[in-house]
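Asks: Sequence:
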Amino acid sequence: MDVPLSLTELYALLLESYGKQGWWPVLSRSNEPGFDSRGYHPGIIKVSLDDSDRWEIAVGAILTQNTAWTNVEKALYGLSEGSLETPRAVLAASAETVALAIRPSGYYNQKALRLKSFVQFYQSLKGRVPTRDELLSLSGIGPETADSMLLYAWQRPFFVIDTYTIRILKRLGYTNDCFFQKQPSKRYEDVQLYITSKLNSPQKHMQYQEFHALLVRHAKEHCGAKARCETCPLEARCRKML
DNA sequence: AACCAGGACGTGA
DNA sequence: TCACGTCATGGT
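Going by the numbering used here, the first residue of the first sequence is number 76, and it counts up by one from there.
It is worth saying that the hints were derived from the structure and are not from the lab.
Here are the computed lysine to aspartate or glutamate pairs in the DMTMM-like style, where the Cα-Cα straight-line distance is at most 25 Å:
| no. | residue 1 | residue 2 |
| --- | --- | --- |
| 1 | K261 | E219 |
| 2 | K273 | E91 |
| 3 | K191 | D125 |
All chains, full assembly: derive it from the sequences and hints.
Replies: Encoded structure:
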C-alpha cells in the first residue's frame with residue numbers, strides 16, 4: 076500500500092463492492108410494482124425525471140442539510156400527509172404549517188423558511204435549468220445543496236462534496252494533496268475541481284451521481300465518524316489517516 | 001447518555 | 001478571513 080488509490084480505482088472498487096446505488100431516492104406517487112408499502116423505491120434509476128420528481132429532489136436536498144436521511148424521509152411523508160407535496164401548496168401554506176410537516180428533519184423553522192423562499196425561485200424558472208450562482212444567491216442554499224440539486228434534479232455535471240467525501244479521501248491518504256491545505260471556505264471548490272479533473276466518463280453527470288452515492292453508502296456502512304475497518308472493502312488500500 | 005447525521009449562516013475578533 | 005455558536009430531530 077505504497078501508492079494511494081486513484082480516484083478511478085476508488086470508483087471502480089466502490090462500484091464493485093456495493094453495486095449501483097441509483098440515486099436520488101424518490102418517493103413513488105403511483106402503485107407501480109417494485110415499490111415498497113410506503114411507495115419508496117431506493118436503488119431504482121428513473122431515466123426521465125418528471126417535474127414532481129425534480130421538486131421532491133430539490134426539497135430533499137434542503138431537508139437533508141446536516142440531517143440523517145431517515146429523518147428527511149419522515150419529513151417528506153409529512154409533507155405528503157399535509158398535502159404539501161406540490162410547489163404551489165408550499166407557496167400557499169404558512170411557514171408554520173410547513174414547519175410542522177417537516178418537523179422530523181430537524182431545524183424545521185429554518186428549513187420551512189428556506190422552502191418558502193426556494194419555491195418562489197423554483198416557480199419563476201418555468202422549467203428552465205437554474206445556474207449555480209442563482210441557487211447560491213438564495214438564502215439557505217450553499218454549495219453542497221446547489222450541487223445536489225443541479226446533479227440529481229437537473230442532471231447537470233456538478234460533483235457534490237460533503238463531509239463524507241472529505242472524510243473518506245482524508246482517511247484514504249489524500250491528505251498530502253494540495254486541497255486539504257487550503258482554508259475551509261475555499262476548500263469546497265478545490266476538492267470539487269480535484270475530483271472532476273480526474274474523472275473522465277463521457278456521461279459525466281451519471282458518473283458523478285453514482286460516485287457520490289457510493290461515497291455516501293461507503294461512509295454509512297464502514298467509514299462513519301467511528302470507522303468500522305474490519306469488514307471494509309477498502310481496508311487493504313486505506314492509510315487510515317487521522 | 002453522549003454522539004452523529006448527505007449544511008448554511010450570523011457574529012465577533 | 002477564521003473560529004465558533006446556532007439551528008433540532010431521531011437513531012445508536
